[in-house]
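Protein chains in written order, with full-length UniProt numbering: chain A, 1 to 306; chain B, 1 to 285.
If you're looking for bench data, these hints aren't it; they were derived computationally from the structure.
Check each hint, because a few of them may be wrong.
[Unchecked claim] Anything over 10 Å on all C-beta distances counts as not near chain A; from chain B, calculated:
hint: 1; residue: Ser-29
hint: 2; residue: Leu-172
hint: 3; residue: Thr-228
hint: 4; residue: Leu-266
[Unchecked claim] Partial selection, computed: residues in chain A whose CB lies under 8 Å from chain B:
hint: 5; residue: Gln-81
hint: 6; residue: Pro-97
hint: 7; residue: Asp-104
hint: 8; residue: Arg-126
hint: 9; residue: Ala-157
Glycine is no exception: its CB is placed at the ideal position from the N, C-alpha and C atoms.
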Amino acid sequence: MESEERSAAQQVGLDRVGVRYGRRTALREVSLSLGRGVTGLLGPNGAGKTTLLRTLATASTPDTGTLSVLGLDPLTPTGRQALRRRLGYLPQNPGLPSHFTAYDFIDYVGILKEISDRQARRTEARRVLAEVGLTADRGRRIRKLSGGMRQRVGLAAAIVGDPELLILDEPTVGLDPEQRLRFRELIAGLGEGRTVLLSTHQTEDVAALCHKVVVLDHGTVRFQGTPAELALLARGRVWSSGERAPGALAAWRTGVGTFRNIGVPPTGASLVEPTIEDGYLLLLDGDGDGDRNGDGDGDRTPADAA
Amino acid sequence: MRTYDETAGDPGRHLNTGLLQAYATRPLSPESRDLVEAHVDRCAECRARLSPLLADEAELSSLWERIDLATDEPTRSQLERCALRLGVPEDAARLCAAMPALRWSWWGGAALLVLLTVAAARWSESASAPLLFFALVPALSAIGVVAVTGRRFDPAYVWLAVSPLGGFRVVLLRAAAVQVLSLVLSAAGAVGLPLPFPYTLGWLVPSLMLTAVCLALSSRMDALPAITLTLAAWAGWLVATYNTALPAATRLLLPGTQLGMAAVTLLGVGALIVLRDGFDRRGLA
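Bound conformation, chain A alone (with noise of 0.2 Å):
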C-alpha cells in the first residue's frame, strides 16, 4: 500500500511550460505530472521531445511556466545543483572523449558527479559497467567500440551515482534489434523503483517497457495516460480488407496479404484489435489538431479516448 502510494506520487510536474528558440516556438505551454516507474515520449522529429527532456535536465532552462523535479525547483542556483546530483541523462548523441577507455569515462563522470573518493569511483565505475554488460570491454578505448557499446558506454555514465531520475533521449536509436532487446531489459530493470523518462520513435519500446505515455507534437501535449489507453484511442478505427481502403487516414499491406487501414471505417468492415501504434497515428494524423476538448492545448486525455 504504501509503495503504491510513493509510485503514485508526483516525481516531475511542469506547469505550463514554455521554451522559444528565436522566433521558433520549441514547447508550448506544456503541463505534465509523472510519478515513479517508466514514462516514454513519444512524438515525431521536431515535436519538441529533447527540448523537454533537456529542460528537465537541467541542461536548458525554460522561458516561461514552472517545474518542480524531484520536489526541487531546477530554476534556482541550489535547486539545480540538488538535482544534478539526483538525476541521470542520457543525451540523444552523447558525446563520448574518444580517447579514453570506457573506464576512463566512467571514472570521469564519477568525477563530475562528485564522487571524489578513489575507490569509492572505482567500486561505482565496475558497478554501473557490470549493469550494461561492459567488464569485459572496460579497457577498450571508445573510439574502438560499435555504436551500441558507445549507447552502453552512455547508459552507464547516466546511471553513475544511482540517480533517483534517469532521463533517456533515444537511447534505441540506431541499435539492431538484439541490442534493442538488451536494452529494454536494462532498462525495465532501471525502472524499479526509479523515474524514468524515456523519449522513442519506437513504439514497441513504449508497449514493452513503460506504464505511461505521453505524446508530443509541435510543442504540446497530445496525449498522457498507459498505453493501453493509447491504443484504446483507435478502437473502432483500424480493420483489415483485401484492398487499400479509400477513405483510410493510413493504410498499408500486413505479412499475410492484407491491408490494416485506420480512419473511419466503412459499414461492416472487418474490424481489427487496436496497437498503441494505431493510436498514435490516429492521434497525430487523425483529426487535425486532435484537440477534443476544445480547451485550444490540443491535449488528449484517457478520458478522451474512452
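Given chain A, put chain B in place with the hints provided.
Here is chain B on its own, set in the frame of chain A:
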C-alpha cells in the same frame, strides 16, 4: 596439470613457493612484486597458497587493495602524468585530461608559433618585428583557454553541463591549467627576444587581459563569438596604436598602457565572478 614455475615468468605455470614466501615476508623489487600480484589476481590456486604465508589479515587486505587499484588504474596521458607528478590532485588532472585540446598537438603547434615569432624578432631587420610576438602570444593564450572551456570544443560537454560539479568550477580549473602552461611557454619564448628585461615581460598582462575578457564573454555567449570579438578588438587596438618610434612599434610596452590593461584585466575578472552563474545555468542552450 600445471607445474610450479621456477623462473616465475611463464603465465601458464604456478608461482614457486620460494617466490611466494619472499613476497609474503620481505620487500621485493617492483618487477617481482608486480609479477606476483598479476599472477595471484588471476590464479585461485596461487592465491590460496599465498594466503597462509602472509603475516596477517591487514597485510592481506592491503595486498588485495593494491591489486584492486592496479587492475583498474585509469590510463593517463603524458600531460596528466606530469600534472600528477607536480602534485595536482587526481580528479583535477582527470578533468583537464578529458579535453582534447590539452594534447601535445596543440602545445606543439603553439610552441612552434612562439618559436617562429621569436625567430622573426631576432633575425628580421625590421624594428617592428617583435610586435608579432607581443600580438600573437596573448592571443594564443586566450584561444587556448577558450578551446578548453567552450562546449563547442568539448565533445563530452553535455556530461559537464548536467553535472553537480558545475560548469564554472571546471571552466576555472581548465582555464588555470592552460593559462599556466601558456605562460611557461611564452616566458620561455620571451627569453629569446632582442629586447631589454622589462620589455620582454610585456606580453604577460595582455595575456591575462585577453583571457579574462574572453572568459567573461563566454559566460554569456558561445566560445566562438567570444574569442572572435576579443581578438578583433585586440587586433584593432594593435593597428590603431602602431608607431615605429616606440619599442616594438607599439604602445603596448609603455607603463601607462600596461597599467590600463591590468585595470581591464581586473574588470574582466570581476565580470567573470558576477556572471559565473552563466556557465552553470546555460547548459546546452
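Interface hint for Ala-157 (chain A), Cβ within 8 Å of any Cβ on chain B: Hint holds; Ala-157 (chain A) Cβ to chain B Cβ min 6 Å, cut 8 Å.
Interface hint for Gln-81 (chain A), Cβ within 8 Å of any Cβ on chain B: 5 Å, holds
Hinted contact Asp-104 (chain A) with chain B - closest CB pair below 8 Å: 5 Å, holds
Hint validity - Arg-126 (chain A) Cβ closer than 8 Å to any chain B Cβ: This hint holds: Arg-126 (chain A) lies near chain B, its Cβ roughly 7 Å from the closest one there, short of 8 Å.
Distance rule for Thr-228 (chain B), whose beta carbon must clear each one in chain A by more than 10 Å: 20 Å, holds
Pro-97 (chain A) as an interface hint toward chain B, with CB separation required under 8 Å: It holds, given that the least Cβ distance between Pro-97 (chain A) and chain B is near 5 Å, below 8 Å.
Assertion that Leu-266 (chain B) lies farther than 10 Å from chain A (Cβ): Holds: least Cβ distance 25 Å, greater than 10 Å.
Separation of Ser-29 (chain B) from chain A, once the least beta-carbon distance is taken, above 10 Å: 26 Å, holds
Cβ separation check - Leu-172 (chain B) to all of chain A, threshold 10 Å: Given a closest Cβ separation of 15 Å, the condition holds.
Checked against the numbered hints given earlier, this structure breaks none of them.
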